[in-house]
Amino acid sequence: MKPARTQKTKLRATAGNQTQAALILGIERKTLARKMKRLGIT
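Here the sequence shown is numbered in my numbering, starting from 1 and rising by one per residue.
The set of hints was computed from the structure by calculation and includes no laboratory data. Take these hints with a grain of salt, some might be off.
Said to hold, decoys possible - DSS-like cross-link-like pairs, simulated, lysine-lysine; straight-line CA separation at most 25 Å:
no., residue 1, residue 2
1, K37, K2
2, K35, K10
3, K35, K8
4, K30, K10
5, K30, K8
6, K30, K2
7, K2, K35
8, K8, K37
9, K37, K10
Input sequences plus hints: build the corresponding full structure.
This is the structure we're talking about:
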């Protein structure tokens, strides 16, 4: 699965909660936010 798709999937699974999605992905919330911005995910 592509990183952008994975991040979108985890955000949906957590109802848009970036903190919970980052925990599931095993990364910091700020890192997730930066990646989302770079990939154009809102």
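Taking the hints in turn, this is what the structure says about them:
1. Using a Cα cut-off of 25 Å, the hinted pair K37 and K2 holds, with the two alpha carbons roughly 16 Å apart.
2. Taking the CA atoms of K35 and K10, the gap is about 13 Å. The hint holds against a cut of 25 Å.
3. Under the criterion of a C-alpha separation no larger than 25 Å, the hint pairing K35 with K8 is consistent with the structure, at around 11 Å.
4. This hinted pair checks out: K30 and K10 have alpha carbons roughly 15 Å apart, not beyond 25 Å.
5. A hinted pair counts as satisfied when its Cα atoms are at most 25 Å apart, and K30 with K8 qualifies at roughly 16 Å.
6. The hinted pair formed by K30 and K2 meets the criterion: a straight-line CA distance of about 20 Å does not exceed 25 Å.
7. Note on K2 and K35: the hinted pairing holds, with a Cα-Cα distance of about 13 Å set against a maximum of 25 Å.
8. Of the pairs offered as hints, the one joining K8 and K37 holds, with about 12 Å between alpha carbons and a cut-off of 25 Å not exceeded.
9. At most 25 Å may separate the alpha-carbon atoms for a hinted pair to count; K37 and K10 meet this at roughly 16 Å.
In terms of the numbered hints stated before, the structure departs from none.
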